[in-house]
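**Student:** Take a look at the letters that make up each chain.
Protein chains: 2
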Amino acid sequence: MTCAVLSIGTELTRGELVNTNAAWLSAALTDLGFEVVEHVVVDDDRPRIIEALERLAAYANVIVCTGGLGPTTDDLTTASVAAALRVNVVRDEGSLDHIRRRFERIGRPMSDSNAKQADFPEGATILPNPIGSAPGFEVRVHGARAFFMPGVPHEMKRMYDEQVVPRIRDIAPNDSHQIRLRTFGLPESAVGEKLAGVEEAFPGVTIGYRAHFPEIEVKVLARAPGPASRRPGAPVPADPQAIVRELAERAAQEVRVRLGDIIWGEGEDTFAGVVGRALRTRRWTLAIAESCTGGLVGHMITKEAGASDYLLLDAVTYANSAKQSVLGVDEDVLRGHGAVSAECAGRMAEGARRVAGADVALAITGIAGPGGATDGKPVGLVYLAIATAKGTEVKERTFPGDRLWIQTLAAYVGLAMVREACARG
Amino acid sequence: MTCAVLSIGTELTRGELVNTNAAWLSAALTDLGFEVVEHVVVDDDRPRIIEALERLAAYANVIVCTGGLGPTTDDLTTASVAAALRVNVVRDEGSLDHIRRRFERIGRPMSDSNAKQADFPEGATILPNPIGSAPGFEVRVHGARAFFMPGVPHEMKRMYDEQVVPRIRDIAPNDSHQIRLRTFGLPESAVGEKLAGVEEAFPGVTIGYRAHFPEIEVKVLARAPGPASRRPGAPVPADPQAIVRELAERAAQEVRVRLGDIIWGEGEDTFAGVVGRALRTRRWTLAIAESCTGGLVGHMITKEAGASDYLLLDAVTYANSAKQSVLGVDEDVLRGHGAVSAECAGRMAEGARRVAGADVALAITGIAGPGGATDGKPVGLVYLAIATAKGTEVKERTFPGDRLWIQTLAAYVGLAMVREACARG
Chain B
0 MTCAVLSIGT
10 ELTRGELVNT
20 NAAWLSAALT
30 DLGFEVVEHV
40 VVDDDRPRII
50 EALERLAAYA
60 NVIVCTGGLG
70 PTTDDLTTAS
80 VAAALRVNVV
90 RDEGSLDHIR
100 RRFERIGRPM
110 SDSNAKQADF
120 PEGATILPNP
130 IGSAPGFEVR
140 VHGARAFFMP
150 GVPHEMKRMY
160 DEQVVPRIRD
170 IAPNDSHQIR
180 LRTFGLPESA
190 VGEKLAGVEE
200 AFPGVTIGYR
210 AHFPEIEVKV
220 LARAPGPASR
230 RPGAPVPADP
240 QAIVRELAER
250 AAQEVRVRLG
260 DIIWGEGEDT
270 FAGVVGRALR
280 TRRWTLAIAE
290 SCTGGLVGHM
300 ITKEAGASDY
310 LLLDAVTYAN
320 SAKQSVLGVD
330 EDVLRGHGAV
340 SAECAGRMAE
350 GARRVAGADV
360 ALAITGIAGP
370 GGATDGKPVG
380 LVYLAIATAK
390 GTEVKERTFP
400 GDRLWIQTLA
410 AYVGLAMVRE
420 ACARG
Chain F
0 MTCAVLSIGT
10 ELTRGELVNT
20 NAAWLSAALT
30 DLGFEVVEHV
40 VVDDDRPRII
50 EALERLAAYA
60 NVIVCTGGLG
70 PTTDDLTTAS
80 VAAALRVNVV
90 RDEGSLDHIR
100 RRFERIGRPM
110 SDSNAKQADF
120 PEGATILPNP
130 IGSAPGFEVR
140 VHGARAFFMP
150 GVPHEMKRMY
160 DEQVVPRIRD
170 IAPNDSHQIR
180 LRTFGLPESA
190 VGEKLAGVEE
200 AFPGVTIGYR
210 AHFPEIEVKV
220 LARAPGPASR
230 RPGAPVPADP
240 QAIVRELAER
250 AAQEVRVRLG
260 DIIWGEGEDT
270 FAGVVGRALR
280 TRRWTLAIAE
290 SCTGGLVGHM
300 ITKEAGASDY
310 LLLDAVTYAN
320 SAKQSVLGVD
330 EDVLRGHGAV
340 SAECAGRMAE
350 GARRVAGADV
360 ALAITGIAGP
370 GGATDGKPVG
380 LVYLAIATAK
390 GTEVKERTFP
400 GDRLWIQTLA
410 AYVGLAMVRE
420 ACARG
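Protein sequences appear in the order of chains B and F. Mapping to numbering that gives the first Met the number 0: the first sequence position 301 is 300, numbers consecutive. Mapping to numbering that gives the first Met the number 0: the second sequence position 191 is 190, numbers consecutive.
It is worth saying that the hints were derived from the structure and are not from the lab. A couple of the hints might just be wrong.
Stated by the list, open to error - Subject to a maximum C-alpha distance of 25 angstroms in a straight line, what follows is the list of computed BS3-like cross-link-like pairs (lysine-lysine): (1) B:K389 <-> B:K376; (2) B:K394 <-> F:K302; (3) B:K156 <-> B:K302; (4) F:K302 <-> B:K376; (5) F:K302 <-> B:K302; (6) F:K376 <-> F:K389; (7) B:K302 <-> F:K376; (8) F:K394 <-> B:K302; (9) F:K156 <-> F:K193.
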């Protein structure tokens with residue numbers, strides 16, 4: 000079962016936007032067992048959209064398309080698909096009503112250009128969009144099933160999961176199983192070296208890597224051997240899914256043993272979500288004092304729903320005066336050791352814990368750059384402190400990279416320290 | 000002059016890697032004046048590589064390709080190009096020598112598979128790779144100039160800049176100019192309606208939109224009319240670049256008038272950077288008190304280098320107890336009006352301003368959801384307050400969307416309020 004991904008938009012062909020949708024969809028389709036063999040991106044040009052669609056339909060079983068469903072004149076997907084199929088564009092009253100109600104809810108008038116988003120090629124199956132104004136649709140193009148979705152990533156992802164997957168799951172080859180392990184703490188090459196030989200030890204298993212800075216995801220994919228590779232006379236397995244699931248699980252167990260505690264989660268886990276779970280399990284509340292990370296730790300923690308169950312305070316004390324007035328850091332500490340010091344980090348964590356009345360507090364202070372380095376304190380130097388009822392622990396680290404790298408690495412290391420503190424109790 | 004970008008690799012079609020190379024190359028080619036109309040990604044499959052190359056060569060003037068030049072058996076680009084051109088693969092002794100010396104330098108033996116990287120289609124022009132083992136090459140395919148480069152981003156970028164640009168600069172059209180205006184406050188459809196008719200009023204100008212939630216970027220692109228569209232006998236313009244620049248500027252001026260103050264920046268401006276500039280101009284320091292936005296405002300502000308010049312404190316007071324202990328919000332206010340109230344927002348802003356000793360303070364408190372709604376206080380309800388020496392101003396807004404939308408919209412509206420306060424003085 001071959002798939003192709005078609006992305007439509009001049010913002011992509013001009014390089015103003017990176018095509019993350021195609022990667023996300025390809026990974027999702029591969030997970031279902033499809034073989035994705037081509038991505039195409041064309042600009043907002045009707046003849047090119049039609050030509051690409053017809054060409055892909057000539058060989059692919061499933062075509063997944065994004066973009067060009069917006070309200071403006073350069074959104075040409077619907078009209079191009081109708082032209083390729085030689086059918087009319089028709090307005091769907093149900094979708095029009097949905098769009099109208101959506102605008103009423105947010106207190107804005109619906110414009111004529113938005114009404115265009117209720118237009119579909121005649122005979123198309125409409126795919127509802129509960130979180131945006133552009134519905135998607137499905138049509139058959141020369142026998143290929145073609146799905147059209149908005150280019151806005153979160154709308155596209157939800158529509159794919161809720162509308163496309165149920166429609167293609169039945170035709171998906173059901174002969175592979177994947178387990179995703181999420182790691183932080185080693186670069187991809189080092190992770191790869193630790194896993195050398197795993198593929199050979201488990202025939203049928205492929206190890207894949209996906210770097211999403213600063214995380215490395217390890218994907219353990221098991222595929223059933225094709226009929227050609229079975230021994231002559233060997234029986235066809237009764238339940239190929241059970242066999243590949245068991246093979247993937249055995250290989251993943253080997254990967255878990257080799258990688259140890261750099262694995263912090265699996266599947267759809269997020270790092271902040273895992274830390275939140277640890278706090279919840281321990282019934283601990285958290286206070287944070289940030290300086291060089293500038294609110295990133297708090298932002299990561301509060302992106303998770305339900306963070307108010309454990310987060311009491313995140314004091315981003317950027318100025319020394321704020322470290323004193325909010326966290327009660329002594330002027331002597333700031334004068335004697337500086338704001339970027341183990342002493343200051345410790346006092347910040349203790350101050351945040353005291354002010355908020357929290358069980359555990361994390362403090363981060365350092366030099367994210369590009370400016371701010373001094374003699375003996377280079378850009379990237381960061382102190383991280385954890386304060387609990389048992390006392391205060393401080394780590395010194397020097398992180399590589401630019402401002403955002405340093406901030407991100409510091410936030411991850413800090414959150415890892417919170418998780419370890421929960422584990423210790 | 001049309002360009003196409005061809006990327007080769009199963010890691011891309013499986014979605015294990017996001018195709019950042021295509022975006023980078025497209026932006027670079029667009030900057031040179033080329034029109035990039037298509038990206039294609041194919042897996043490591045010889046017939047598909049050949050078919051894609053021949054199809055693109057049928058219409059594009061320049062084809063830029065990446066990937067498949069590595070040492071492993073699944074790297075098929077060189078063999079596929081030779082097959083498409085019906086020429087042999089020949090080994091280049093100079094390149095082989097370069098690869099051998101490179102391995103000597105890093106103290107590893109050169110393997111036979113690395114020697115394969117010195118193979119090229121007969122007649123190709125070799126493009127040296129000073130920082131990696133795989134050289135690139137250029138060939139002509141049916142009149143199109145086709146460049147093949149490694150997929151490793153930093154090797155590719157250097158080879159493009161040093162080897163490809165000098166070879167195509169002479170044929171690059173120098174006949175377009177683009178101005179990018181950045182807006183916040185209206186959805187794409189409403190922005191589009193305000194600009195209805197601009198394209199017609201300025202022939203040669205195209206208006207494009209790029210939604211990067213919650214911002215809408217408006218792109219004003221002016222192109223010189225081709226020879227066919229000039230009046231017979233009219234002189235060829237002396238300086239086409241000056242003409243399109245002036246045309247783009249006139250159309251952009253019309254866009255500025257129509258969109259008014261929803262435009263907050265141009266080109267590479269960031270929203271938080273513009274707010275920082277306003278604070279710097281006024282020589283004001285800033286304090287922030289966040290609740291439902293959970294550190295996002297502070298994170299946006301501190302992503303900009305030099306934020307320590309104006310940001311003193313971001314107190315993410317998630318718990319009511321923290322609002323009291325850090326910001327001095329009265330228990331009566333919290334009991335009488337609740338944490339999500341105009342009164343609480345005002346007291347939070349005043350408290351943050353006082354504790355940090357800042358000139359201006361922003362406070363945001365609301366319900367980001369999905370939980371937390373109560374009678375009369377729905378998910379999305381947010382209060383935003385600004386405190387300055389002149390007093391305190393509070394806004395009530397109800398934002399649509401999910402948790403991240405509500406947090407992001409609240410952060411933008413809050414930062415816009417800081418900017419307005421700076422403007423008023």
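**Student:** For each hint, tell me whether it holds in the structure or not.
**Tutor:** So, going through the hints one by one against the coordinates:
Proposed proximity of B:K389 and B:K376 is contradicted: the alpha carbons are some 30 angstroms apart, above 25 angstroms. For the hint linking B:K394 to F:K302, the alpha-carbon distance of about 23 angstroms falls within 25 angstroms, and the restraint holds. At most 25 angstroms may separate the alpha-carbon atoms for a hinted pair to count; B:K156 and B:K302 meet this at roughly 18 angstroms. This hinted pair checks out: F:K302 and B:K376 have alpha carbons roughly 21 angstroms apart, not beyond 25 angstroms.
Simply put, F:K302 and B:K302 have alpha-carbon atoms about 17 angstroms apart, close enough for the 25 angstroms limit, and the pair holds. This hinted pair does not check out: F:K376 and F:K389 have alpha carbons roughly 30 angstroms apart, beyond 25 angstroms. Distance check on the hinted pair: B:K302 and F:K376 sit about 21 angstroms apart at the alpha-carbon level, within 25 angstroms; holds. Simply put, F:K394 and B:K302 have alpha-carbon atoms about 23 angstroms apart, close enough for the 25 angstroms limit, and the pair holds.
Taking the CA atoms of F:K156 and F:K193, the gap is about 39 angstroms. The hint is violated against a cut of 25 angstroms.
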